[in-house]
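The lines below spell out each chain.
Number of protein chains: 2
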Amino acid sequence: MKFTIQRDRLVESLQDVMKAVSSRTTIPILTGVKLLVNDEGVTLTGSDSDISIETIIPTVEDDKVLAEVEKTGSIVLQARFFNDIIRKLPEDTVMIEVRENLQTFIKSGNAEFSINGLDADEYPRLPQIEEEEVFTLPIDLLKTMIRQTVFAVSTSETRPILTGVHWKIENNELTFVATDSHRLAWRKAPLDNNHSHTHNVVVPGKSLNELNKILDDSQEPIEMVLTQNQILFRTENLSFYSRLLEGNYPDTSRLIPAESKTEVVMNAKEFLQAIDRASLLAREGRNNVVKFSTIEEEAVEISSDSPEIGRVVEKVQTQSITGEELKISFSGKYLMDALKAIDSTDIRISFTGAMRPFVIRSLDNDFILQLILPVRTF
Amino acid sequence: MKFTIQRDRLVESLQDVMKAVSSRTTIPILTGVKLLVNDEGVTLTGSDSDISIETIIPTVEDDKVLAEVEKTGSIVLQARFFNDIIRKLPEDTVMIEVRENLQTFIKSGNAEFSINGLDADEYPRLPQIEEEEVFTLPIDLLKTMIRQTVFAVSTSETRPILTGVHWKIENNELTFVATDSHRLAWRKAPLDNNHSHTHNVVVPGKSLNELNKILDDSQEPIEMVLTQNQILFRTENLSFYSRLLEGNYPDTSRLIPAESKTEVVMNAKEFLQAIDRASLLAREGRNNVVKFSTIEEEAVEISSDSPEIGRVVEKVQTQSITGEELKISFSGKYLMDALKAIDSTDIRISFTGAMRPFVIRSLDNDFILQLILPVRTF
Numbered sequence: 001m002k003f004t005i006q007r008d009r010l011v012e013s014l015q016d017v018m019k020a021v022s023s024r025t026t027i028p029i030l031t032g033v034k035l036l037v038n039d040e041g042v043t044l045t046g047s048d049s050d051i052s053i054e055t056i057i058p059t060v061e062d063d064k065v066l067a068e069v070e071k072t073g074s075i076v077l078q079a080r081f082f083n084d085i086i087r088k089l090p091e092d093t094v095m096i097e098v099r100e101n102l103q104t105f106i107k108s109g110n111a112e113f114s115i116n117g118l119d120a121d122e123y124p125r126l127p128q129i130e131e132e133e134v135f136t137l138p139i140d141l142l143k144t145m146i147r148q149t150v151f152a153v154s155t156s157e158t159r160p161i162l163t164g165v166h167w168k169i170e171n172n173e174l175t176f177v178a179t180d181s182h183r184l185a186w187r188k189a190p191l192d193n194n195h196s197h198t199h200n201v202v203v204p205g206k207s208l209n210e211l212n213k214i215l216d217d218s219q220e221p222i223e224m225v226l227t228q229n230q231i232l233f234r235t236e237n238l239s240f241y242s243r244l245l246e247g248n249y250p251d252t253s254r255l256i257p258a259e260s261k262t263e264v265v266m267n268a269k270e271f272l273q274a275i276d277r278a279s280l281l282a283r284e285g286r287n288n289v290v291k292f293s294t295i296e297e298e299a300v301e302i303s304s305d306s307p308e309i310g311r312v313v314e315k316v317q318t319q320s321i322t323g324e325e326l327k328i329s330f331s332g333k334y335l336m337d338a339l340k341a342i343d344s345t346d347i348r349i350s351f352t353g354a355m356r357p358f359v360i361r362s363l364d365n366d367f368i369l370q371l372i373l374p375v376r377t378f
Numbered sequence: 001m002k003f004t005i006q007r008d009r010l011v012e013s014l015q016d017v018m019k020a021v022s023s024r025t026t027i028p029i030l031t032g033v034k035l036l037v038n039d040e041g042v043t044l045t046g047s048d049s050d051i052s053i054e055t056i057i058p059t060v061e062d063d064k065v066l067a068e069v070e071k072t073g074s075i076v077l078q079a080r081f082f083n084d085i086i087r088k089l090p091e092d093t094v095m096i097e098v099r100e101n102l103q104t105f106i107k108s109g110n111a112e113f114s115i116n117g118l119d120a121d122e123y124p125r126l127p128q129i130e131e132e133e134v135f136t137l138p139i140d141l142l143k144t145m146i147r148q149t150v151f152a153v154s155t156s157e158t159r160p161i162l163t164g165v166h167w168k169i170e171n172n173e174l175t176f177v178a179t180d181s182h183r184l185a186w187r188k189a190p191l192d193n194n195h196s197h198t199h200n201v202v203v204p205g206k207s208l209n210e211l212n213k214i215l216d217d218s219q220e221p222i223e224m225v226l227t228q229n230q231i232l233f234r235t236e237n238l239s240f241y242s243r244l245l246e247g248n249y250p251d252t253s254r255l256i257p258a259e260s261k262t263e264v265v266m267n268a269k270e271f272l273q274a275i276d277r278a279s280l281l282a283r284e285g286r287n288n289v290v291k292f293s294t295i296e297e298e299a300v301e302i303s304s305d306s307p308e309i310g311r312v313v314e315k316v317q318t319q320s321i322t323g324e325e326l327k328i329s330f331s332g333k334y335l336m337d338a339l340k341a342i343d344s345t346d347i348r349i350s351f352t353g354a355m356r357p358f359v360i361r362s363l364d365n366d367f368i369l370q371l372i373l374p375v376r377t378f
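As you go down the protein sequences, you meet chains A and B in turn. At position 329 of the first sequence (counting the first as 1) the number is 329 in our numbering, and the numbers step up by one without a gap. At position 261 of the second sequence (counting the first as 1) the number is 261 in our numbering, and the numbers step up by one without a gap.
Simulated from the structure, these hints should not be mistaken for lab results. Warning: the hint list may mix true and false statements.
Copies of the same chain look alike in the list, so a pair counts if it fits in one copy or across any two.
[Claimed, not checked] Mimicking DSS-like on lysine-lysine, the simulated pairs with C-alpha atoms at most 30 Å apart in a straight line are:
#1 LYS64 <-> LYS333
#2 LYS143 <-> LYS19
#3 LYS107 <-> LYS168
#4 LYS168 <-> LYS2
#5 LYS333 <-> LYS71
#6 LYS168 <-> LYS88
#7 LYS88 <-> LYS213
#8 LYS327 <-> LYS340
#9 LYS71 <-> LYS206
#10 LYS327 <-> LYS88
#11 LYS19 <-> LYS333
#12 LYS340 <-> LYS107
#13 LYS340 <-> LYS2
#14 LYS327 <-> LYS107
#15 LYS88 <-> LYS107
#16 LYS269 <-> LYS206
#17 LYS2 <-> LYS291
#18 LYS19 <-> LYS88
#19 LYS291 <-> LYS168
#20 LYS107 <-> LYS261
#21 LYS315 <-> LYS88
#22 LYS213 <-> LYS143
#23 LYS19 <-> LYS315
#24 LYS107 <-> LYS291
Quantities reported herein were computed from a predicted structural model and do not represent experimental measurements.
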């Protein structure tokens with residue numbers, strides 16, 4: 001194996017692949033990154049068994065030469081060192097050559113490294129994906145959907161299925177649901193193509209978070225391929241594989257109340273900031289509890305107290321309050337997470353009593369919904 | 001106590017004072033910040049007994065009203081909460097009032113906090129400084145001198161005096177020396193005024209680091225007042241007190257070799273980058289050891305190896321090498337620290353053999369010197 005490559009591009013691709021490489025792994029070769037060099041270009045692979053990331057640097061892109069391959073081949077190199085070395089090399093290009101006994105020679109300008117490689121044949125194979133059905137979304141939209149739901153997955157392993165986001169494809173719509181059983185995030189998007197089959201899978205929240213970090217904002221499409229136990233996300237030069245979670249996701253549709261007894265319409269930012277202030281004291285107590293009461297025809301009161309620190313109270317104007325009077329308590333943190341996810345100027349909150357879950361919706365977007373369970377205090 | 005104040009300015013001053021407040025203190029009242037309000041303005045104080053910081057927000061500055069005092073007085077408030085609350089308030093101004101039982105009322109727009117205060121009379125008094133002699137430096141210069149020396153103080157408490165920077169005032173010059181006994185940083189600056197007395201004090205490295213964070217880059221003067229066991233740094237609205245370290249600082253002047261056997265002149269940045277690359281492997285081994293050899297009339301070789309990872313070697317061009325051939329080993333980290341501190345395009349390194357300390361100087365600035373002890377390997 002011997003090739004010369006544009007260093008910037010190698011740095012960029014390595015950075016993506018490194019996201020899948022964990023330094024704490026029981027499989028030593030997975031602390032490495034695999035390089036496969038053929039006439040098409042240089043393929044980098046990183047994996048922690050759950051997530052695998054593959055990037056391709058083509059020899060030529062948009063008429064620009066990115067890599068010159070002198071001899072094809074493959075090697076596995078210590079990911080952290082290889083990454084650090086490449087980032088700190090002095091010149092714009094770098095030459096990499098595998099010599100005797102897997103010794104790998106890296107040269108850029110006057111700097112010459114010789115590092116111990118590992119046999120690429122011992123690197124685990126990537127999951128085999130049979131391409132039955134391919135779904136496509138703009139990258140931007142997928143990123144938004146992830147951001148608006150993934151925060152609500154459970155961080156506890158007591159019910160592992162809840163650490164993932166539930167994907168449902170039905171009637172040409174893709175729906176994401178995440179819940180940790182204290183709150184629920186729901187997001188829907190139409191699919192372009194015609195998909196007749198129904199699919200139900202659960203994608204680990206961690207995988208979606210990593211994917212979101214790697215994908216740049218762009219309206220370019222991303223392809224998604226589903227199998228029994230894997231999902232593959234694919235853009236022009238990137239393949240991101242994640243295992244799926246096993247088991248049945250609970251039926252969450254019946255959690256969302258169909259009717260409401262109190263409806264409040266208000267500005268999301270003003271509400272968020274008032275909750276943020278109330279949470280300053282609330283976070284000292286248990287559950288981060290903030291109290292919310294309708295006090296006038298068009299105003300609510302947000303309050304919180306902590307015996308050690310003190311008390312906070314704030315009146316927030318609404319656009320309208322309809323239905324019954326209400327006093328309710330909830331986690332300030334969950335409410336802030338929900339408001340940040342909704343990303344809307346104005347919101348409608350639908351309550352069905354102080355002991356029932358309530359729902360926050362955007363006034364101008366039916367494709368997102370956030371649900372929060374209250375806390376008993378009043 | 002009752003006053004209204006510009007919130008931005010309060011945020012800014014609190015941020016400075018918070019630098020002295022530690023959440024881990026054996027004196028509970030020191031987790032608080034003291035507010036003293038009189039007709040001149042609002043004075044904030046934070047302290048961890050070693051460092052005390054006082055900032056003054058005058059009622060009027062440059063014809064702009066910063067604070068309106070309705071009733072003078074004082075209170076101590078939980079520093080972290082008070083800071084968080086002020087930062088998150090909705091309006092540009094905030095009203096603060098002490099009511100019954102030290103309850104402190106904070107109001108901005110519709111947000112109203114009522115937090116538990118502590119009696120300001122129980123807050124420790126700041127050190128009393130008798131103004132015998134005041135030294136003045138431009139803030140920029142003081143910051144540079146700190147940056148160029150403080151990194152070399154010892155982090156070990158086995159010889160506490162070495163955790164400080166030695167200040168010497170003699171012949172109208174101020175000299176800083178710091179050493180952890182493996183390397184030494186030395187920096188000198190002329191003093192403007194006429195100072196006939198000789199002073200020798202040791203200022204804790206931690207205090208200088210905190211001071212450096214608080215001071216903004218500026219050519220404005222900063223005043224320094226020395227006493228037996230305290231130093232006070234003073235700008236227009238800030239007073240920064242630090243205790244001094246007790247004990248005698250070792251005589252470091254005889255550590256610096258008067259002559260040399262090998263002199264190398266080279267570009268600092270190229271050298272730094274080569275050492276940085278060599279350190280990638282060196283840091284895996286013990287002591288972070290990098291090898292340095294004169295190899296040609298005008299080139300040196302930097303190398304390092306780690307049995308597990310591999311080897312790196314790099315030739316670096318010099319401007320000149322005079323004197324004996326040399327092979328020497330040293331800590332890559334110490335050399336990088338020294339080169340970053342020197343801040344010079346070109347440097348001269350003076351060696352007196354592989355087992356003797358060597359000295360790095362700027363080619364165009366006699367006021368700074370860095371000394372490093374080698375490591376035995378060749």
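Status of the hints after comparison with the structure:
no. : hint              : in the structure
1   : LYS64 <-> LYS333  : neither (49 Å within a copy, 39 Å between copies)
2   : LYS143 <-> LYS19  : within (17 Å within a copy, 38 Å between copies)
3   : LYS107 <-> LYS168 : neither (49 Å within a copy, 48 Å between copies)
4   : LYS168 <-> LYS2   : neither (46 Å within a copy, 59 Å between copies)
5   : LYS333 <-> LYS71  : neither (56 Å within a copy, 37 Å between copies)
6   : LYS168 <-> LYS88  : neither (45 Å within a copy, 40 Å between copies)
7   : LYS88 <-> LYS213  : both (23 Å within a copy, 29 Å between copies)
8   : LYS327 <-> LYS340 : within (23 Å within a copy, 60 Å between copies)
9   : LYS71 <-> LYS206  : neither (38 Å within a copy, 55 Å between copies)
10  : LYS327 <-> LYS88  : between (59 Å within a copy, 25 Å between copies)
11  : LYS19 <-> LYS333  : both (28 Å within a copy, 27 Å between copies)
12  : LYS340 <-> LYS107 : between (47 Å within a copy, 26 Å between copies)
13  : LYS340 <-> LYS2   : neither (49 Å within a copy, 36 Å between copies)
14  : LYS327 <-> LYS107 : between (69 Å within a copy, 24 Å between copies)
15  : LYS88 <-> LYS107  : within (12 Å within a copy, 52 Å between copies)
16  : LYS269 <-> LYS206 : within (28 Å within a copy, 40 Å between copies)
17  : LYS2 <-> LYS291   : between (66 Å within a copy, 29 Å between copies)
18  : LYS19 <-> LYS88   : within (19 Å within a copy, 34 Å between copies)
19  : LYS291 <-> LYS168 : neither (35 Å within a copy, 60 Å between copies)
20  : LYS107 <-> LYS261 : neither (71 Å within a copy, 33 Å between copies)
21  : LYS315 <-> LYS88  : between (55 Å within a copy, 15 Å between copies)
22  : LYS213 <-> LYS143 : within (9 Å within a copy, 37 Å between copies)
23  : LYS19 <-> LYS315  : neither (45 Å within a copy, 33 Å between copies)
24  : LYS107 <-> LYS291 : between (63 Å within a copy, 19 Å between copies)
In this structure, the earlier hints numbered 1, 3, 4, 5, 6, 9, 13, 19, 20 and 23 are contradicted, and the remaining ones agree with it.
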